[in-house]
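Top to bottom, those sequences are chains Z and D. Note that our numbering has the first sequence beginning at 1, numbered continuously upward. Note that our numbering has the second sequence beginning at 467, numbered continuously upward.
Don't take every hint at face value.
Computed footprint of chain Z on chain D; a stretch qualifies when at least three of its residues, placed anywhere within it, have a C-beta under 8 Å from a C-beta of chain Z [stated by the list, open to error]:
hint, stretch
1, 479-489
2, 515-522
3, 728-739
4, 855-865
Hints are computed from structural coordinates only; laboratory data are not their basis. None of these values were measured; they are calculated from a predicted model. Don't be surprised by glycine CBs; every beta carbon is placed ideally from N, CA and C.
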Amino acid sequence: MARARAEQQPAATGTTLVVMVGLSVAFLLFMAFLNVVKSGSLLNESNLLYAALIFYSGAGTLYLGFGVTGIPSYVRFASLATWAGLLANTGAVAHRWYEAGHPPFASIYEMLLSFVWTLAVLTLIAEKRYGVKVIGTVTMPVAIVGVILMQLLRTEVHPLVPALQSTWLHVHVTLAMLAYAACALSFALAMMFLIQDRMKTESFLAATSLFGIATYMGVLTRFEKWGGLSVAAWNPEEKSEVFLAKGVRLFVVIPDLGWLMLVVLAAVAAPLVLYLVWRKTDDEGFINMANRAVFVSILLQVLALVFFLVRARDGQYGSLDADGLFPTSLAASPFILSGLVGGIFVSLLYLLLLWRREDLERMLPAADELDRITYRTIAIAFPLLTLMIAAGAYWANRTWGSYWSWDPKETWAAITWLVYAGYLHMRVTRGWRGRRAAYFAILGFAVVMFTFFGVTYLLPGLHAYA
Amino acid sequence: MTASHLSASRKIWQTLSSIKTGVILLIVAVIVSAAGTVILQRPATDPEEMQRAYSAQMLRLLDGLGLTDVFHAWWFVLLLVLVSASIVAASIQRFPNSWRYFSRPYKSPNQTFQKALATQAEIPIRDEEAGLAAAERVFQRAGLSPERMVRENSFSLFGERNRISEMAVYIVHTSLLLIFLGGIVDALYGWSGFVALTRGESSSQVALRNGSQRTLPFAVRCDGAGEERYADGTPKRWWSKLAVIEAGREIVRKEIVVNDPLVYNGVRFYQASYGSTGKVDKLILAATPANGQGTSKEIALGTDEDLPLDADTSVRIAEFIPDYVVRDGQVYARSAEVENPAVHLAVESRKSGKLVNVWLPPIEGFEQNASSPYKFEARNLQMAYFTGLQVSHEPGQWAVWTGVILMGLGLVIVFYLVHMRFWAVPVRNARGRLVLWVGGAANKNKDVFEQRFRKLVQEIESEIKLQSEACAPAHVTSLAGN
Numbered sequence: 001m002a003r004a005r006a007e008q009q010p011a012a013t014g015t016t017l018v019v020m021v022g023l024s025v026a027f028l029l030f031m032a033f034l035n036v037v038k039s040g041s042l043l044n045e046s047n048l049l050y051a052a053l054i055f056y057s058g059a060g061t062l063y064l065g066f067g068v069t070g071i072p073s074y075v076r077f078a079s080l081a082t083w084a085g086l087l088a089n090t091g092a093v094a095h096r097w098y099e100a101g102h103p104p105f106a107s108i109y110e111m112l113l114s115f116v117w118t119l120a121v122l123t124l125i126a127e128k129r130y131g132v133k134v135i136g137t138v139t140m141p142v143a144i145v146g147v148i149l150m151q152l153l154r155t156e157v158h159p160l161v162p163a164l165q166s167t168w169l170h171v172h173v174t175l176a177m178l179a180y181a182a183c184a185l186s187f188a189l190a191m192m193f194l195i196q197d198r199m200k201t202e203s204f205l206a207a208t209s210l211f212g213i214a215t216y217m218g219v220l221t222r223f224e225k226w227g228g229l230s231v232a233a234w235n236p237e238e239k240s241e242v243f244l245a246k247g248v249r250l251f252v253v254i255p256d257l258g259w260l261m262l263v264v265l266a267a268v269a270a271p272l273v274l275y276l277v278w279r280k281t282d283d284e285g286f287i288n289m290a291n292r293a294v295f296v297s298i299l300l301q302v303l304a305l306v307f308f309l310v311r312a313r314d315g316q317y318g319s320l321d322a323d324g325l326f327p328t329s330l331a332a333s334p335f336i337l338s339g340l341v342g343g344i345f346v347s348l349l350y351l352l353l354l355w356r357r358e359d360l361e362r363m364l365p366a367a368d369e370l371d372r373i374t375y376r377t378i379a380i381a382f383p384l385l386t387l388m389i390a391a392g393a394y395w396a397n398r399t400w401g402s403y404w405s406w407d408p409k410e411t412w413a414a415i416t417w418l419v420y421a422g423y424l425h426m427r428v429t430r431g432w433r434g435r436r437a438a439y440f441a442i443l444g445f446a447v448v449m450f451t452f453f454g455v456t457y458l459l460p461g462l463h464a465y466a
Numbered sequence: 467m468t469a470s471h472l473s474a475s476r477k478i479w480q481t482l483s484s485i486k487t488g489v490i491l492l493i494v495a496v497i498v499s500a501a502g503t504v505i506l507q508r509p510a511t512d513p514e515e516m517q518r519a520y521s522a523q524m525l526r527l528l529d530g531l532g533l534t535d536v537f538h539a540w541w542f543v544l545l546l547v548l549v550s551a552s553i554v555a556a557s558i559q560r561f562p563n564s565w566r567y568f569s570r571p572y573k574s575p576n577q578t579f580q581k582a583l584a585t586q587a588e589i590p591i592r593d594e595e596a597g598l599a600a601a602e603r604v605f606q607r608a609g610l611s612p613e614r615m616v617r618e619n620s621f622s623l624f625g626e627r628n629r630i631s632e633m634a635v636y637i638v639h640t641s642l643l644l645i646f647l648g649g650i651v652d653a654l655y656g657w658s659g660f661v662a663l664t665r666g667e668s669s670s671q672v673a674l675r676n677g678s679q680r681t682l683p684f685a686v687r688c689d690g691a692g693e694e695r696y697a698d699g700t701p702k703r704w705w706s707k708l709a710v711i712e713a714g715r716e717i718v719r720k721e722i723v724v725n726d727p728l729v730y731n732g733v734r735f736y737q738a739s740y741g742s743t744g745k746v747d748k749l750i751l752a753a754t755p756a757n758g759q760g761t762s763k764e765i766a767l768g769t770d771e772d773l774p775l776d777a778d779t780s781v782r783i784a785e786f787i788p789d790y791v792v793r794d795g796q797v798y799a800r801s802a803e804v805e806n807p808a809v810h811l812a813v814e815s816r817k818s819g820k821l822v823n824v825w826l827p828p829i830e831g832f833e834q835n836a837s838s839p840y841k842f843e844a845r846n847l848q849m850a851y852f853t854g855l856q857v858s859h860e861p862g863q864w865a866v867w868t869g870v871i872l873m874g875l876g877l878v879i880v881f882y883l884v885h886m887r888f889w890a891v892p893v894r895n896a897r898g899r900l901v902l903w904v905g906g907a908a909n910k911n912k913d914v915f916e917q918r919f920r921k922l923v924q925e926i927e928s929e930i931k932l933q934s935e936a937c938a939p940a941h942v943t944s945l946a947g948n
């Protein structure tokens with residue numbers, strides 16, 4: 001049944017995709033042109049970053065397209081687009097470095113810049129050296145989300161406060177970016193391993209649904225009375241969130257958006273429910289229904305994203321904690337935004353798997369080869385993580401007089417280290433290969449992401465500026 | 467009795483050294499640490515905030531369980547000790563085996579070994595010596611430092627590389643223990659606190675983080691401190707000139723900045739903050755006699771200073787308000803920043819004991835400026851600044867840094883140095899032909915090693931070929947000579 005469906009799909013999706021890539025690249029180029037006209041200079045950082053976004057998006061879509069249609073020329077173009085994006089990205093990094101007078105590692109914006117750069121480099125290495133051609137299908141979306149986030153975060157060059165003026169900071173952050181990019185790559189490889197290892201498509205369905213549920217549950221922690229969704233208020237002049245007191249942000253409530261998110265939560269949860277019913281009854285009808293539910297959930301997710309973009313982009317909303325109306329901006333809610341975009345990407349990747357599984361499998365290296373490369377990547381990431389923590393400790397010792405103060409970021413870095421240490425021990429002493437190792441690699445990357453983003457925004461601590 | 471005792475301790479040992487225990491302990495450590503980042507922690511958060519965040523009952527429960535100061539709770543320390551014990555036990559358990567590998571390498575392969583080895587090849591040779599010599603040269607070139615083995619009346623060749631790789635895991639584990647050791651030493655014998663000094667002030671008292679005071683065997687004096695700011699007002703650089711004074715003598719002087727501390731006797735002084743004390747360092751005033759006789763003179767008035775203006779009159783600062791506001795007939799300080807300063811001078815006559823309150827600027831209802839024998843005009847205001855010094859003593863940090871370096875080294879060896887062993891033995895194969903049996907083994911990255919082994923075998927083959935070509939003409943010549 002699923003096969004029959006796959007036979008019908010390719011022609012239509014292939015053409016649609018080419019048209020879509022063409023249109024969106026044209027649109028982005030047009031926007032870039034407007035930007036150049038407005039700013040008058042071609043090679044400034046924001047234009048370069050914009051160019052990187054265009055090329056990475058093109059590359060990401062072409063990688064996806066390669067997956068969908070299996071046309072080999074797509075991957076050549078995708079690879080070319082990645083090179084072009086990397087070039088623009090390098091330009092942006094250099095420009096930033098030159099302008100700021102220090103390597104771009106001082107704020108979360110600058111770190112994202114370096115992270116995306118490293119990820120693109122590693123993607124190309126994985127592709128050229130190890131022949132993992134479709135790795136970009138996973139890494140490029142991550143790069144795109146990174147660049148979009150950068151567009152929203154503050155971009156002015158900020159002078160460094162005294163604590164940050166140290167070579168050790170640069171060492172620390174460079175190592176962190178390299179390590180995190182290697183972790184991202186190991187994650188992508190582990191996912192590909194699971195595909196190649198003939199993990200059931202239905203399990204990916206459940207995982208996709210779980211990811212969506214987690215995302216929307218996270219978004220709905222901001223659910224307010226009467227169906228509103230609270231987002232941080234934004235001060236457009238200072239380009240920062242509005243603070244009521246030190247560390248206490250002011251939240252405004254966007255009415256009705258909460259209900260919409262609740263509906264989308266139900267939609268992304270539906271495939272999981274149907275999957276569970278299928279597991280119980282073994283009736284193929286349910287799994288087909290679940291696949292259809294994924295479609296519906298994608299439509300609703302796009303709807304949620306559009307509504308969110310329209311309503312949170314700018315506008316004045318009331319707050320529960322203070323009188324009057326306050327402005328907000330997309331920049332005030334980078335996590336909701338990346339969650340929404342990420343959810344759509346994951347669902348699309350699932351569809352790709354559903355329709356084009358066999359083609360994907362043909363294009364990927366053998367499972368045990370992927371398993372080995374995953375291990376190699378972690379063998380690179382782990383020493384980097386260790387050195388990153390050590391450099392951070394040394395820097396802290398020179399700055400605050402204590403090499404370890406159990407600050408949340410430090411603690412989570414240690415947890416990340418422990419998770420990968422666990423992976424290595426299980427692999428070496430227990431001979432864990434394949435599935436279990438892949439799950440471990442995926443868990444490790446989830447912890448890395450939490451350390452990178454979650455801790456900065458959710459937990460208080462010394463790393464407040466990063 | 468003894469037997470059961472023995473078996474019980476054996477059981478404990480086995481549990482402790484098992485990888486399962488290690489993993490369970492690590493999982494517990496991860497969960498507890500994660501909890502410590504989510505629950506507000508005691509020394510860092512002020513008590514009021516804790517009370518706001520949690521209900522009284524909840525707070526009592528969290529405090530009781532030590533969850534409000536996870537990383538200093540006794541059970542957390544116990545957990546770390548258990549983790550260390552597990553690492554030690556697991557390492558000891560596995561060490562003898564690795565040590566055998568390391569100290570007594572297996573050099574002369576017997577037939578069983580030759581049969582069982584996964585990576586091997588056979589190269590046809592003409593005579594034993596020529597084959598071995600060719601292999602020896604190839605081994606030499608590959609950096610394998612070949613060794614000729616003689617057993618009974620057979621010869622063989624052994625070469626290896628990176629034997630240290632067998633020990634790398636123990637290097638990493640030792641380094642981790644060193645780091646733990648340093649941490650424990652610091653937790654027990656280390657301390658850290660804060661000293662705030664104004665210019666010229668010296669102190670040997672450190673306010674520790676836990677609220678108590680510590681007296682240093684020497685004093686530290688601040689000879690000056692300052693701040694530079696960026697154009698947008700954010701601080702760029704803080705500096706303090708410090709001097710260490712011991713037994714009345716000045717021992718060391720250093721200008722410290724953030725990231726570059728002063729170290730004396732294992733005690734480190736870090737530039738941590740810089741700010742206004744809210745007190746006046748010097749207030750420059752022009753004082754003119756109110757009766758018009760005599761000239762105006764400039765005076766510099768400090769806090770707690772009684773300055774005589776003439777034989778009878780003296781002036782002192784009674785109050786300084788950095789940012790004043792008048793509300794409901796009271797003068798309030800709105801903030802500690804010098805935004806809108808007001809100074810209250812007390813002008814006193816020694817003979818009559820009459821005291822006049824002068825306010826600059828004149829605040830109605832408080833000032834008696836008109837009845838003062840002197841008129842004052844503020845010329846300049848210099849505030850007293852303090853430099854905040856973080857003081858710490860961490861005797862264990864050397865163990866930590868040694869551990870860190872050792873760990874870096876160990877990890878590089880673990881992941882990137884492969885212990886490769888190669889053997890070459892001239893044997894008669896199943897069909898009775900004389901061949902050079904070549905075998906290889908690696909302790910990791912076996913797939914890459916396989917390629918490397920093939921290459922090595924090819925090199926030996928071409929070496930043998932080359933040799934026989936080089937020998938052949940010589941043979942011919944010798945024949946001709948006959």
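Cross-check of the supplied hints:
no.	hint	result
1	479-489	holds (count 3)
2	515-522	violated (count 0)
3	728-739	holds (count 4)
4	855-865	holds (count 5)
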